[in-house]
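Protein chains in written order, with the working numbering: chain B, 1 to 298; chain P, 299 to 457.
In case anyone wonders, no lab produced these hints; they're calculated from the structure. One should not assume that every hint holds.
[To be verified] Straight-line C-alpha distance at most 25 angstroms; calculated BS3-like pairs for lysine-lysine:
(1) K420/P - K178/B
(2) K209/B - K345/P
(3) K189/B - K442/P
Just so we're clear, the structure is a prediction, and the values are computed from it rather than from any experiment.
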Amino acid sequence: MIESLRSKSKELLENGTVSLVIGYAEGSKKGKTKPFFAYSSEDCDKLTFSPQCVNNLTIYLTRKFTFMKKGKVAIVAKGCDVKTINVLIQENQLKRDDVIILGMSCDGVVGKDIVHDGEQLPDENKSIKCLTCDVKTPIDYDHLFGEEIKSEALEPMTGGIYDAVKEVKAMSWSDRWKYWMDHFERCIKCYACKKVCPLCYCDVCITEKSRPQWIETSAHARGNYAWNIKRAMDLAGRCTFCGECDRSCPAEIPLNIINQELAMTVYDSFENYTAGYQTDVTPPFVSFKEEDKEDFIK
Amino acid sequence: MSEEKTEKKEEWKPRLVAYVCNWCTYGGADLAGTSRLTYDTSVRAIKLPCTGRIDPLFIIKAFERGADGVLISGCHPGDCHYNTGNYHARRRWTTFRSLLDFSGIDMRRLHFSWISAAEAGKWVEVINEVSTNLKELGPYKEFKAITEKKEEYDRVFAQ
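When you get a sec, could you build the whole thing from the sequences and use the hints?
The following block contains the structure:
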């Protein structure tokens, strides 16, 4: 799998199809990997793939980074990363022809703060997103590496993170308020969640605006609440559950739970829409139906 | 006389922020005024071009600045001055409302309504109903608590 990935990358770089291959290389610590940019065929020998490859590399395809200006690039993408690429294409941030997807069949990556070495990854070491994964073989790719893995047919919006969401939902509103305030109070406003998110790509973020200042810059519960709610709301109907925000959060705020609550609402309210599966449908928030439900409006 | 005055001071009034659309609900509120209809004075109407202009942050900001309740009101579906503004807004609210509920906001303090420029009566009804509810609920303690925390934070950092 790794050998064929390396040889394919070499081939693409040598025949000039791409100027850059974005992938993973061994990290400085054992059992960790890091994002890696292969500009030449010698670099390609460093490319690797394992359950430690947790990063969603598609962030490098957005306008936060300017690699795309150098022409076509190839990117190593797991099934979940391909979903992000689909949303970027859907939102006109990327053209399908500008990217070569080196799809990896993946049976799960390691969870947050888990150091795992070796081939077989037990379920308890897997990232929570992998428990409800239905894209073990990417839905779109130019070249596939590794054996095709059939994803089990899953009931949508059940198990894994969705059970955690339901647990929070079952609380009373004042308990939920306490629950989230306990978490949001810890937020240090490092904005790692925003920096790491491939779908958070505005040129100027509202947090950088000071006239008027919508989101308070200091890290206290009130400003943190506004920030975390705004961030989640901006990802409604777009978040593909790559889990990068949750993974990068130094304050351990369960951002996956809040993101997936929105995904569930969008699924229930707008014709079972789930982000990342189709590129040719209009996203739910730029379209509407006259018969959309409005039971909460007087 | 003086007794009456102090009594009036003590009576707590909720602060209800109403984000209203220029073309329908504001017109309705205006009609209520010109028709000499009386309604609860706890409402502060904020006029916006369209309900589609109402950013989710407006609602959060209102609570941050001490609102006890928020009302959002605009044209009935199909009546939007900009044709589709309220349809888009409706989708946004469906999601945002659920998010606020999930994050633990007291949903009895957030109201949505469609009020046309001719429905002065409905405006009066909605405002009175919402205000009465808010008076029963009292001040929004939960949100005000985090504002107090913010002030404490400011005090510590000012030293």
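Verification of the hints:
1. Taking the CA atoms of K420/P and K178/B, the gap is about 36 angstroms. The hint is violated against a cut of 25 angstroms.
2. With a CA separation close to 23 angstroms, the supplied pair K209/B and K345/P stays within the 25 angstroms bound.
3. Between K189/B and K442/P, the direct Cα distance comes to roughly 21 angstroms. Compliance with the 25 angstroms bound is thereby established for this hinted pair.
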